[in-house]
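The primary structure of each chain is shown beneath.
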Amino acid sequence: MRKLKDKNKKSAKKSQRDEEIMKKKRKKAKRSKNKEYTIISYFFVVIFISLIGYMVYFNVVKREDVISSPYNTRQNQLADRITRGKILSSDGQTLAYTETDEEGNETRVYPYGNKFAHVVGYDCNGKNGIEALANFSLMSSHNNYIEQVKNEILENKNPGDSVVTTLNTKLQEAAYNALGSYNGAVVVLDPKTGAVLVSVSKPDFNPNTVEADWDTLVNDSANSSLLNRATQGAYPPGSIFKVVDALAYLREHGTIDGFSYNCKGSITVDDHKIPCFGGEVHGSEDFTKAFAKSCNTAFTQIGLDLGAEKLQKTAESLLFNSKLPIPLEYNKSKFELGKAPGNPLLMQTAIGQGNTLVSPMHMAMITSAIANDGKLMKPYYIEKVETVSGQTVETTKPSVYKELMSEEEAGVLKTLMEEVVKSGTATKLSGESYSAAGKTGSAEYTGSDGKIKTHSWFIGFSNVEDPDLAIAVIAEGAGTGSKVAVPVAHQVFNSFYYN
Amino acid sequence: MLNLIIELSKYLLLILIVLYTFESFTVFKYEDDYDKRYILRKQLLLIVFLDFTAFLVIFLKTEKVEIIYLFGALLLYLIVVQALYRIFYKKASILLLNHMCMLLSIGFIMLSRLAPESAIRQFAIVAAATVIAMVIPIMIKKMYFLKNWTWFYAALGLGLLLIVLIFGKNVNGAKINIDLGFFVFQPSEFVKIIFVFFVASRLYRKSATFRDHVITTIIAAVYVLTLVLSRDLGSAVVFFITYVVMLYVATKKPFYLFAGLGSGCAAAVIAYFLFSHVRQRVVAWKAPFSVYEGAGFQIVQGLFAIGAGGWFGMGLCQGSPEMIPFVKQDYMFAAICEELGGLFAICLILICMSMFLLVVNISLRIKKRFYKLIALGLGTEYAFQVFLTIGGVSKFIPMTGITLPLVSYGGSSVLSTIIMLAIIQGLYILREDEDEEIERQK
Chain S
1084 MRKLKDKNKK SAKKSQRDEE IMKKKRKKAK RSKNKEYTII SYFFVVIFIS
1134 LIGYMVYFNV VKREDVISSP YNTRQNQLAD RITRGKILSS DGQTLAYTET
1184 DEEGNETRVY PYGNKFAHVV GYDCNGKNGI EALANFSLMS SHNNYIEQVK
1234 NEILENKNPG DSVVTTLNTK LQEAAYNALG SYNGAVVVLD PKTGAVLVSV
1284 SKPDFNPNTV EADWDTLVND SANSSLLNRA TQGAYPPGSI FKVVDALAYL
1334 REHGTIDGFS YNCKGSITVD DHKIPCFGGE VHGSEDFTKA FAKSCNTAFT
1384 QIGLDLGAEK LQKTAESLLF NSKLPIPLEY NKSKFELGKA PGNPLLMQTA
1434 IGQGNTLVSP MHMAMITSAI ANDGKLMKPY YIEKVETVSG QTVETTKPSV
1484 YKELMSEEEA GVLKTLMEEV VKSGTATKLS GESYSAAGKT GSAEYTGSDG
1534 KIKTHSWFIG FSNVEDPDLA IAVIAEGAGT GSKVAVPVAH QVFNSFYYN
Chain V
5 MLNLIIELSK YLLLILIVLY TFESFTVFKY EDDYDKRYIL RKQLLLIVFL
55 DFTAFLVIFL KTEKVEIIYL FGALLLYLIV VQALYRIFYK KASILLLNHM
105 CMLLSIGFIM LSRLAPESAI RQFAIVAAAT VIAMVIPIMI KKMYFLKNWT
155 WFYAALGLGL LLIVLIFGKN VNGAKINIDL GFFVFQPSEF VKIIFVFFVA
205 SRLYRKSATF RDHVITTIIA AVYVLTLVLS RDLGSAVVFF ITYVVMLYVA
255 TKKPFYLFAG LGSGCAAAVI AYFLFSHVRQ RVVAWKAPFS VYEGAGFQIV
305 QGLFAIGAGG WFGMGLCQGS PEMIPFVKQD YMFAAICEEL GGLFAICLIL
355 ICMSMFLLVV NISLRIKKRF YKLIALGLGT EYAFQVFLTI GGVSKFIPMT
405 GITLPLVSYG GSSVLSTIIM LAIIQGLYIL REDEDEEIER QK
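Chains as they are written, first to last, in the working numbering: chain S, 1084 to 1582; chain V, 5 to 446.
Read the hints as simulated data drawn from the structure, not as lab findings.
Any given hint could turn out to be false.
Using 27 Å as the maximum straight-line C-alpha spacing, the simulated DSSO-like pairs for lysine-lysine come out as follows [to be verified]: (1) V:Lys95 with V:Lys290; (2) S:Lys1240 with V:Lys65; (3) S:Lys1534 with S:Lys1356; (4) V:Lys68 with S:Lys1118; (5) S:Lys1461 with V:Lys257; (6) V:Lys290 with S:Lys1485; (7) S:Lys1118 with V:Lys65; (8) S:Lys1415 with V:Lys33; (9) V:Lys33 with S:Lys1118; (10) S:Lys1145 with S:Lys1534; (11) S:Lys1240 with V:Lys68.
With beta-carbon atoms standing in for the labels, derived distance ranges [said to hold, decoys possible]: (12) V:Ala275 with S:Asn1404: 27 to 37 Å; (13) V:Glu121 with S:Tyr1228: 51 to 61 Å; (14) V:Leu233 with S:Asn1289: 52 to 62 Å.
Computed from a predicted structure; not experimentally measured.
All C-beta atoms, glycine included, are put in the ideal place defined by N, C-alpha and C.
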């Protein structure tokens, strides 16, 4: 009896097992039959998920960049709900605000008038400067939510966010006044962060009346007052280009020691003669002295020895001929030499003439990189965005854009530039409680009247051990660098350290 | 005050569509018919509530009487179409029907906000199309000879495409439409359906030889080439992908899938070098800001719209989608992103995906290979078209200028999509009948 039960059990088990096997087989057959469907379904699910992934990516990563494009005029549609926010300086002064009269008419007011005209820009005729750059923030409101709801119910406009710039009114005014009646530009950067502290451009215009003056301003091609020379100017660099030569020499030889040259006041190659400025004869000199005295003949020889290719390579490593990380409209700096330029052009290029064109902003950036141990910080104009009641909405974090040179290379250039102040062409900056370093430039150009004139250039930085300010000054047709540009830098430095 | 209502309404609309989307995926979990029906009814309520909220906001903002009429008409449409299917086609897929209603609703909301006159016109077409499409499921059931009309399909489809190529109206460089006076007819939308019938009738036989496949492939290639010559790139890509998918599923040879996709990539590269209009699209895709004044303008405006919307949108009637050229036709998705928000748009993508999976599922369960392939082909066309338009608008892939089915404005597009869905309903009903027969035999 028991045996029988066992047998039954066994057979039951067996049939159960058989059934399971059959089931599995069937399942397998079914799966293989539907394999194509599974693949196609997965394929399309992946496609749909990647669409969603892209939407998420767009909103998280790309959105800010896209909507803050100056082409974007959508935010202006909110003008009937939001009062444009204020633009403030880093020292708490108001650079632009909107005034509403009793009838609700709005006027944009710029208390500092011409002084900040280009960099702050204007909110009409297509917008410009920080008004265009920060348009999205100025037309957005992150005001307290209850306040916003209250305003909506009362049908009042909500106040747009305030944009706190990196600009410093004290320094900007010092630079503006120092440049005086000269056309040109002054740019000051904080070399450690990239914050733009000063951006002056002359000739200027009055942003309070720019709409009314528009036709005159646009047609005035002799002055081009609307052009922001700080970023859009394109000038021959003159002797400030010797910084590039020095770096190229350093990269070729590894050191500046052992260099010697005997300056006879001029150098002639292929019938092309380059004299030292003012016909001066510098005699026997080492690299430091040649740089400090801005000896044209020595640097012409250095340029000839290095050759076009190495100069080009060094210039391009300093962002000539390439995009610059400047958020406002700018012009690229140009360095065109070609592989076999011929000696005359090579000689001219070595002393910063030839086809080379630079913007003051770019020169300030290179200077700031030298001051900051070779690292170029990304320049920025907007320190933070705040609500109308002063709560921070977002802050710009300083970031390294690129290491333009090694720390050692920057150290050598620093020493060279220090000597320019101690014993060279910028001694007017010496004898202060702060130290300074720099390089002057006197760039020749042919004026509109056909006469040869000279742009006055200076690039440099203050407090050499722990640099505070990096500056670039250009005064158009003003004469030598020592005569005009150095004193301008001097006044800006003084206002930073003494007042 | 009104702004506040609009502000709140956008969150309400988002919640409604999130619930709807969630349920369109969970409904599969329920085995019990009663639970399923409950959820599907709830979905319908969500659609009606969504329409009500949206149209109320649009009316308050625009104060146009047409908006009320449009809402009334839409509500009537929803009731009638749901009732008709429940009465005449008890076995139809209600989820598919709900999805159609939802997508049509979103389209009508945006269209009423952008251009009420267009919404009225679109409504007339949708209503007519739905009535016509009501007979299709019966036709599918009765007309078992459909699978023998292979050469009729081939000739009809190609003929229509050739007519467009020769006589078509040139719109922005592309020949897509034929102006019939009262109706601008876009044949490629209908050829899409005919093409699937042609390919299915060629491939459904298991006895089909390699030679048969070669002939079919050649004819399919002629279709695609004609579309490329008409510069209807979007349709060309849709036809191509659909053919590759159908061929792969019919033959079960992975080689065909890879060879198809590979030759597709090669053809795209050749087209890039051969046709300037293809290159133009690629440039506008890679760097739209560099050609802002020209080919990039539409893309950049679309991106501004999507960016302005962010996650939650500006609220209905609060954005400026009308700044985008052809927003009603090609850029509806950007308008949705701008006013209803990125999260709403993601739900829309998920609903489209659910629709595709549903169609694949239907195809999977059909026994007859001819019908199986048709369902799969139509589903593929739908899914890939959604991908092309949404991907193009969001700059994920180059823009091909194709509509978002059921949502975009365009008579031919909505008419052909409604017909497509009716065919799929017909096949679904057929499958249910088959199942019942099997049950009875047991």
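Find the hints from earlier in the document that the structure breaks and name them by number, from lowest to highest. Failing hints, ascending: 1, 4, 5, 7, 8, 10 and 13.
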